[in-house]
Each structure stands twice: as structure tokens, then as C-alpha cells.
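The primary structure of each chain is shown beneath.
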Amino acid sequence: MGAVVDMDAALFAGLCRLGDSTLVLGHRVSEWCGHAPVLEEDIALANTALDLIGQTQMWLGLAGEMEGKARNADALAFHRDVWEFRNLLLVERPNGDFGHTLMRQFLFDAWHQPMLTGLAQSRDARVAEIAAKAGKEVAYHLERSADLVIRLGDGSDESHARMQVALDTLWPYTGEMMTPDATDTALADAGIMPDLVGLQATWDGLVRDVLAEATLAIPDGGFMHKGGKQGQHSEHLGHMLATMQFLPRAYPDATW
Amino acid sequence: MYAQMVKSEATQDDPEALAAFQARIDAGEKIEPKEWMPEGYRKTLIRQIGQHAHSEIVGQLPEGNWITRAPTLERKAILLAKVQDEAGHGLYLYCAAETLGVSRDELTEALLAGKMKYSSIFNYPTLTWADIGAVGWLVDGAAIMNQVPLQRTSFGPYSRAMIRICKEESFHQRQGFDIMRKMANGTKAQRHMAQDALNRFWYPSLMMFGPSDKDSVHSAQSMAWKIKMNTNDELRQKFVDQTVPQAEYLGLTVPDPDLRWNAEKGGYDFSEPDWTEFFEVLKGNGPCNAERLAARQKAWDDGAWVRDGLMAHAAKQRSAPIAAE
Ligand SMILES: [Fe+2]
Ligand SMILES: [Fe+2]
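Going line by line, the protein sequences match chains Y and C.
Residue numbering for the first sequence follows the numbering used here, starting at 1 and increasing by one per position.
Residue numbering for the second sequence follows the numbering used here, starting at 1001 and increasing by one per position.
Some hints could be false.
Claimed, not checked - Think about it this way: if two alpha-carbon atoms lie no more than 30 Å apart in a straight line, the pair counts; the simulated DSSO-like pairs of lysine-lysine are:
id	chain 1	residue 1	chain 2	residue 2
1	C	Lys1226	C	Lys1167
2	Y	Lys69	C	Lys1188
3	C	Lys1214	C	Lys1265
4	Y	Lys69	C	Lys1167
5	C	Lys1167	Y	Lys133
6	C	Lys1167	Y	Lys136
7	Y	Lys69	Y	Lys133
Honestly, the hints are just simulated from the structure, not real lab data.
Note that this is a predicted model, so its numbers are computed, not measured.
Using the sequences and the hints, build the whole thing.
Below, the structure is given as C-alpha cells:
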């Protein structure tokens, strides 16, 4: 039985998945401000967060526009509750130590970059345009995160051990990125978004190469968490939103 | 305060060399790192540049306190860009200090050991979103006052760092003023937050220029060396004269009942900040000193394995080609 998918709803969901993932990751990364291990990382983390927030403005802006209910990017970011968020579970994982933050970034970048390359070919010109812009930034994110994963994986005993723990902890949150549901399939069939199953091979290749050079072992066992894309999140997201949404929620009649 | 630390460095340098050095400075020449300089000049610069660098770094914390709570995506992006700039300023300045023979790690350790200071202003809390406006408007505003003349300072690397930094600072002040404008023209609660932020940041901002010149023993030497371009009081006066009309434009009240335009001097008369409070804050007794230093200490300690890991990797890379032969 093929699910009947409302294409407008699918596109709205698809755009929220992209925009919510960049928003939530951008927020997480911004939590590092002033606390990074070296000054260069303070700068790089702020820059990454800045790119991701800029992409959020574009994705959620388009989502609101095509929804046609007078919700702009801010309304979507600050006035939805957890069940309406469509971000990947991976990006809401807490920062942990720098190794966790870095590994989370790399595992996401390795998906995000080919995803944007695919999106840049979208039949929807607005989607393609945003993806082309974001793609340049994310190519750099991936270059940077992959390089650091290699350097810290193949660094000291301690940095190696910490990167391995980070990989083991985060690995079960990666499956969701490449597992399509009805929405993903409908968008792929319509030529609006790339086929996630097709992305798997690219992601696998990239991740395997980098982790091998980093002397890190890919965890055994195929268990993967899922639910973020459908609005079923971990406890962490609610706390993030409580912080992020505090001002617009506390002062609904204010403009900023 | 800093004066006491410098006095003892009254150098035993050769008087002829000193005179030649002073002549170069008087002629407006730039002093470059490899060139001869008096020990006092070097030490004063290390302290001043290092302290400035530390201020940029610690200064990330009060603003970082609101990055996660910025009320719109645009505000979040702007604040991120600003704080990223500040970290970049820290980097330029540490590099300038390094040319004088002191490493970034040494300076950081001196900061964490309490042997070096950072601007007292960052020991005040940011309690509401309006404080982020006040910090940009007043604190970056005061920083610009201090830094613009330093573009002409005698030490080449410091001067060049200041030129780069000043280019970015005016954006910082504008974004702060823009937040204040929104708040001051907003709801009753927003107007309250705006006035409250001005009330709390006004005097600490005036303190940013340092104590009155009457109490600053080494000012004269620093000015002769063009490490310091204006007196503290001159800059403070300039800041007040620039800021009071801006507060009026915002419809906010500067928390100083004795603030008056003085037509004769062509500037405002204003109340001095509480210098006892200033010296207490410098001693570590400000509202946030403990948190600020603890945050920097934690970043340093937690980051040790990262820095070590990167070094270990670099060492492997260096030895790799040899091993392969
Ligand atoms: Fe700065
Ligand atoms: Fe600034």
C-alpha cells in the first residue's frame, strides 16, 4: 500500500528537516563560545555556527513562505515545540567534550555536503539556489572537521581514546540520515531532494576513509536510533528550546 | 595600579641609545620587533598588548552568555559574527605580543595565575538582552575611543593590529546601538530593560579608561613612548560627549544627576565612577571575576588533551618521512 503523500506537506517537512537540523546544530556549536580548547577553534566554531544559522534562515524562510500561513523563519524557530521539530537526532546530542562536538560535526558534515550537492540539482529552483549557497560553506566545514578528526584520532593516546569514545557514542545516531521515510521518498521521486539511499554509499566511503586515516574503528552492531525526522526527540531538545525560545515566548508582543 | 608594576623597570639602558630611540619615536617612526628597544618599553608593551588580548578573549563570555538566547535568528547571527571578531582580535594581539618574545601560552598562564589583568568591564554580568545592546553600544564604544588613537602607536605590530581591529569595531558598536534602539522603542518591559542596562553599564564603562591621570604615575613615560596616545581623562571626556546625545536620542536617562553641558569647556561635566569599586573589581572582587576566570581555566584544562593531541599528530607527521626512508 503506497502512502498518499501531500506534496506541499512533504516539501514543508523536508525543508523543516534541513532547517531544523542546521538550527539545532548551529545552536549546539554556539554553546562553545568562549570555551574552546584553542583560540583558533573559538573562531572556527563561531564561524560554523554562523554559517548554520544563516542556512537556517534560508531553509525555514522558504518553508514558511511555501506554507503560506504567514510564518517566517523566526516564527518557525521560536514558536514551535519539540514535536514539531524535524531535526536529526544526531545534531541535538549534547556537546560533551570537544571530541564529541567534533565527531558529531564530522558525521553530519559527511552527510550534509553530498546532500547539498544533490539538493543543488533540485527541480525546485529555490531549493537548488539555497543548496548551492550553503554547499560552499559546508564543503569547508567538512574539510575542517575531517582534518581535525584525523589529527586527533591519530594524535596522542588520550586524544585517540576520546575520539573513539565519541565515535562509539554517536554512531547509532547516524542511521537516520540515510533511512528514507514516505516524505523522503516522495521528495526524491519528485526530483526535489536527493535519494537518501543513494547518499549512503557516498557517506560510507567518506566516513570510512577518514576514520581509517584517523586510526579509529567503526563500531560493530547495526542498531540505529530513529525518530528525529518525524518529531520524536530525545530529552535534550526540550531543554535547548527552553533556552533558545525564552525571549520570544516570554515577550510575545515584543520585536527585537 | 599598573604604574607600580612599571616603575621598577626604569631601565639602566645606555642614555645615548635611549635618546636615539626617543628621537625615532618623536620623528614618528615605527619600532619593529627586531630593532633595539628599552626593556621598559618592551615590558610595558607586553603587559598592555597582553592585557588587551585577554580582554578580547574574556570579553567573549558575557556576550556568549546570550548567544543561545538571542531573540531572532538575525540577532543570533550578528552576535555570533561579533564574538567571532573578538576572538580574532585576541589572535591578532597575541601575535603582536609574540613578536616581543612572549608566547600566547605564557600569557594565558599568566592570566590564569592572576598575574595579568583583563578589562574590568567583563566582570559585570549580562542579565537581560538589553545588556547585549549596552555592551555593544557602550563597551565597544569605549573600546573604540581607546583604540582609534592606538592605530598611531609607535610599535609597528601593535599599530597594524589596531588598524585591523578598528575596522571591525564600528560594526560592533552599531549592532549594540541598534539593539538598544529596538529595546528603547519597544514594550514597557523592553524599555525597562534598556534603562536598567544603561544604569548598570554606565559607570563601569567610564572605568574602562582607567583612573584619573593624576593617579597614573607611568602615564607620562608611556605617552612619551607613544604606547599611550591620550590621557585617560581626555578619552573619558570624549566618550561622555559622544554618548550622552546618543542616550538622549534613545530616550534613556544617563544615571548621573550631576551630568551637565558645560558650554565653557565645550563638553559635559559628569560624576566620576566609584574608584573604590574599580580597584575591588581589579583585585578580583567584581560580580563575575570568579566565574570569568573559572570559565577560562576550564577551557584551558579541558582543552589540554586537544592541544596535546594536535601536537602529537604534528610530531608524527614530521617523523613520518624519515621513518619511511
Ligand atoms: Fe574587539
Ligand atoms: Fe568589539
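Notebook entry, point to check: Any hints this thing doesn't respect? Which numbers, in order?
Noted result: The structure conflicts with hint 4 only, although it agrees with all the remaining ones.
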